[in-house]
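Sequence order for the protein chains is H and B.
Under the working numbering, the first sequence has 322 at position 322, and the numbering climbs by one with no breaks.
In the working numbering, each residue's number is its place in the second sequence (first place is 1) plus 1000.
Simulated from the structure, these hints should not be mistaken for lab results.
Hints are supplied without guarantee of correctness; some may be wrong.
Label pairs and their calculated CB-CB ranges [claimed, not checked]:
#1 B:Asn1305 <-> H:Asp327: 52 to 60 Å
#2 B:Glu1081 <-> H:Gly329: 37 to 45 Å
#3 B:Thr1040 <-> H:Asp76: 45 to 53 Å
#4 H:Thr421 <-> B:Arg1106: 39 to 47 Å
#5 H:Ser98 <-> B:Ala1247: 52 to 60 Å
#6 H:Lys62 <-> B:Ser1058: 32 to 40 Å
#7 H:Asp327 <-> B:Arg1106: 33 to 41 Å
#8 B:Ser1058 <-> H:Glu422: 34 to 42 Å
#9 B:Asp1430 <-> H:Arg188: 54 to 62 Å
Idealized CB from N, CA, C, for every residue including glycine.
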Amino acid sequence: MRWRRARFVAALFSLAIMTTSRAALAQTILLQGGKVIPVVGETIEKGDVLIKNGFIEAVAEKVDAPFDATVVDCTDKVIFPGMIDVHTWRGMDQPNESPPLTPFLNVYDAIDPSQLFFEDSLRDGVLSIHITPGDDTVIGGMSRVVHPIGLTPAEMTTAPDIALKLSVTPKNGFDRMRQMATFREAFRKLDEDMKALAEKAYEDKLRKEDKDLDVTPEEAQKRGLELLKPEDTPEKDRNLLMLTQGRLRAFVHCDKAMDVAAGIRLAKEHGFFDQTVFVLGTEAFKAADALKAAGRPVVLSAELVHNETNSLTGEESETFVPKVIDDAGLHFALLRNWGSAMGERYLWYQAARCVREGVSRDHALKAITLWPAEMVGLGHRLGSLEIGKDANVVVLTGDPLDLQSWVEKAYVQGIQVYEQTEDIRLKRLFAAPGDEQGPSTRAEGEATTEDNHEIHKNEYKDKDANPDERPKRERREGRRPRGDRRRRPRGGDPE
Amino acid sequence: MMITNLANQRGVFGVRRMWTLALAMAAFVTASSAMADDATPILIRAKKIYLSPERVVSPGAILVRDGKIDRIDETIEIADEVRVVNLEAATITAGLIDANTNAGYRFGYHDAEHASECIPEMRVLDTIDLESNDFRRLAQAGVTTVYVSPDSASVIGAQGTIVRTAGPVEARVVQETAGVKATLGREPIFKASFNRTPSQFGTSFLTRRPTTRMGLVWVFRKSFHDAQTFARGETPGTRGEGSPSDAAIPNLIRILNNEIPFRIQARSQLDILTAIRLSHEFNLKFVLEEGTDAYRCIDELKADNIPVIYGPIFDYPIGFRAGTGESDRFRYSAPAELVNAGVTLALSAGDITGEGALPMQAGYAMRLGLTREQALAAVTTIPAGLLNISDLAGSLDAGRAADLVVWSGEPFEATTRAEMVFINGRLVSDRTVKKGS
Chain H
1 MRWRRARFVA
11 ALFSLAIMTT
21 SRAALAQTIL
31 LQGGKVIPVV
41 GETIEKGDVL
51 IKNGFIEAVA
61 EKVDAPFDAT
71 VVDCTDKVIF
81 PGMIDVHTWR
91 GMDQPNESPP
101 LTPFLNVYDA
111 IDPSQLFFED
121 SLRDGVLSIH
131 ITPGDDTVIG
141 GMSRVVHPIG
151 LTPAEMTTAP
161 DIALKLSVTP
171 KNGFDRMRQM
181 ATFREAFRKL
191 DEDMKALAEK
201 AYEDKLRKED
211 KDLDVTPEEA
221 QKRGLELLKP
231 EDTPEKDRNL
241 LMLTQGRLRA
251 FVHCDKAMDV
261 AAGIRLAKEH
271 GFFDQTVFVL
281 GTEAFKAADA
291 LKAAGRPVVL
301 SAELVHNETN
311 SLTGEESETF
321 VPKVIDDAGL
331 HFALLRNWGS
341 AMGERYLWYQ
351 AARCVREGVS
361 RDHALKAITL
371 WPAEMVGLGH
381 RLGSLEIGKD
391 ANVVVLTGDP
401 LDLQSWVEKA
411 YVQGIQVYEQ
421 TEDIRLKRLF
431 AAPGDEQGPS
441 TRAEGEATTE
451 DNHEIHKNEY
461 KDKDANPDER
471 PKRERREGRR
481 PRGDRRRRPR
491 GGDPE
Chain B
1001 MMITNLANQR
1011 GVFGVRRMWT
1021 LALAMAAFVT
1031 ASSAMADDAT
1041 PILIRAKKIY
1051 LSPERVVSPG
1061 AILVRDGKID
1071 RIDETIEIAD
1081 EVRVVNLEAA
1091 TITAGLIDAN
1101 TNAGYRFGYH
1111 DAEHASECIP
1121 EMRVLDTIDL
1131 ESNDFRRLAQ
1141 AGVTTVYVSP
1151 DSASVIGAQG
1161 TIVRTAGPVE
1171 ARVVQETAGV
1181 KATLGREPIF
1191 KASFNRTPSQ
1201 FGTSFLTRRP
1211 TTRMGLVWVF
1221 RKSFHDAQTF
1231 ARGETPGTRG
1241 EGSPSDAAIP
1251 NLIRILNNEI
1261 PFRIQARSQL
1271 DILTAIRLSH
1281 EFNLKFVLEE
1291 GTDAYRCIDE
1301 LKADNIPVIY
1311 GPIFDYPIGF
1321 RAGTGESDRF
1331 RYSAPAELVN
1341 AGVTLALSAG
1351 DITGEGALPM
1361 QAGYAMRLGL
1371 TREQALAAVT
1381 TIPAGLLNIS
1391 DLAGSLDAGR
1401 AADLVVWSGE
1411 PFEATTRAEM
1421 VFINGRLVSD
1431 RTVKKGS
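Please model the complete structure; the sequences and the hints are all you need to start from.
Okay, here's the thing in structure tokens:
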């Protein structure tokens, strides 16, 4: 509990530090003399990247520094595009609403900027996060791409209203028949509503022109549909309508191989196939042929290895899923595995595993940068170091696939948002016993111990405070923190 | 292929299923023994051979003949028929040794003993499944020898054992009794609740177990006190509730006489200091397991020359490590600080057998400040020394049984995997040959 609170306070502090710079306008920054891995195009062994007004202005072996440029020496460092987490519901308060059909919801209303998740993302070089509703739904709601920096969801937004989340795999308490029936009913209802609206719109038009209805109801519906503007449709239906018109992306969750065919059929029947990204479970690689024929990009499960035990022989078979998908020629994106205590929590480590198992380095790097950017329709803004793209850049201490590499600096839209030497949590993790400040800063003689003192003061203050003097809300949280699902004490909850 | 298998299973029941199972097992056994009979010598050429962390041959070639390392040299030219494997980027190290795993059995009701707090007469060897997939995964990852530690459910636990991770079952056990483990901290207290019936909260007269660290240390002290008394030829004044059983006494005496290596699992600073205090009281030599807070006790550990089997390393504690709150003060800098202070440190992956197994632990330790040589020592020579098997494993020398790993690149990198693994002279994993060809 103490630790959790300390981490929260640390997160707030680092957010505060990092966001003060947002007040300043995006500067002109020249990242000089680093190894530039642009993902698209050749690697430059020693090159410069010029950032201006939040965009990448130049990438070349030698760029002359403009008079107002802040020059950052990147000798022996690697300059790499910010990595992209293309499917997560972390950073949200609760990812799943309980009714099965909620296309009208928006993750915007549930993003919690104070979550440690965002600080971790920054530290790991993940500078764009596509936050989607969870898998436990039928039609979930609208997603959004955010950068892990900012004090409000609006400030964090890179691009709003990216995609609707759909799940072919049954939600909790549903079976597959009911799941599909719910989809059909949703689209049928939408169709019915739209027809009624269209008919009414046509009738209204005639009434204004003082004419009588001159055609069959079917014809009236058809003519009326052209008159409808998106704002005429009820808000409840608008997102779903945009989906069926192919104007919105769909992230379709298919946990099992058997869900893939159903997902493809669903997307084709309702007109959003060309906007669909399939989000796969580990077992779904078995439908690689169907996926290959569909040719749509896929998001792979965070557990890259599928284990299966043959119950006859007891033999266990292991399949490295990205290799199968890569061999099928599909674009894929990797996710971070939050169930792991180490390594797999990093996107670059997931990419390194792909290289280890025989996926080409080019594809592995694209799977954490360019391909996910394309999946959310931001291929023109994110995912590589190309002129004109958003200046989302990380400076690494070594190769992105090297276990020894750390993120040293991160820039979001041309603003520096991370500096390793200022990272309070990392400092604590590398500190000598009894020295909470950390050896690196002491050596540099920086006298910014206030942050840590503050953390400790708060810890002790909270611990020593008489619980009855604290505000009631805090007391309640103190007894059972949010997210803590311990069994309630017997004899009912005294609240 | 997989789908066909699944389809078949649905139709196969009862007796027929048993027969299929037996046939499949027979086929499997035949296949594996056929692979072992392959007596063609193998010559592997690699970029680098780490004979031990200090001794490197580069470029290196190694000839394995009749299961033994025939020659190691910079280049080997050979006339007779051998299988030659040329891997330009590869490196070769001794097989890795994990000095503290839970491979082969699962935490839970049936594989870990919960009946008593002091069970040094029991052997973990009797509960582990040598055919378990844990071992297969470890072998494929390049871990060739492991110490299987008993569960941490008892204050003084069962005897641990040293086994090889692959090979014929009869040759797998290296040493039946290689240590006894005691556990300090919250884990025995928490796990003691496993054998309470659901209707009982807390303790009852049926399941009286320690519920605090005080109680736990009392059980520890009582056990060794009784053993000491028996060793003097006397009988302790009180025998009964909380006393070690008659079967436990001789084993406790063997621990006191340093005839069985003794280990204490402790994570927090509090528990590590308690372990050191208890070792002074009973004149015990011990190895510290896990040691999350060991970086806070460097002076004490060095004063008594206590080795640490550190790990698993993590970014965030999960499972028991998070639940007990004993990992709250973990530090990234701990392994490097311990090694640089001169503490003998072996790395261990603990209960992790898959992706995060020992090679990853070593890689992570490097990320957190160890050099490659220090990391390599912490997973080969040092654990071999702690387990007293330095003559069998941990380093490479001509004349020894081949126990080595051929890595696709520098060892412990994220992009490196174990291409070939030899255990006790047998090639048990070979990814240079594609399946089905």
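Structure-based check of all given hints:
1. B:Asn1305 <-> H:Asp327: 52 to 60 Å: 54 Å, holds
2. B:Glu1081 <-> H:Gly329: 37 to 45 Å: At roughly 41 Å between Cβ atoms, glycine 329 (chain H) and glutamate 1081 (chain B) fall inside 37 to 45 Å, so the hint holds.
3. B:Thr1040 <-> H:Asp76: 45 to 53 Å: Given a distance of about 46 Å, which is inside 45 to 53 Å, the answer is holds.
4. H:Thr421 <-> B:Arg1106: 39 to 47 Å: 44 Å, holds
5. H:Ser98 <-> B:Ala1247: 52 to 60 Å: 56 Å, holds
6. H:Lys62 <-> B:Ser1058: 32 to 40 Å: 37 Å, holds
7. H:Asp327 <-> B:Arg1106: 33 to 41 Å: Given range 33 to 41 Å: holds, Cβ gap about 35 Å.
8. B:Ser1058 <-> H:Glu422: 34 to 42 Å: 41 Å, holds
9. B:Asp1430 <-> H:Arg188: 54 to 62 Å: 57 Å, holds
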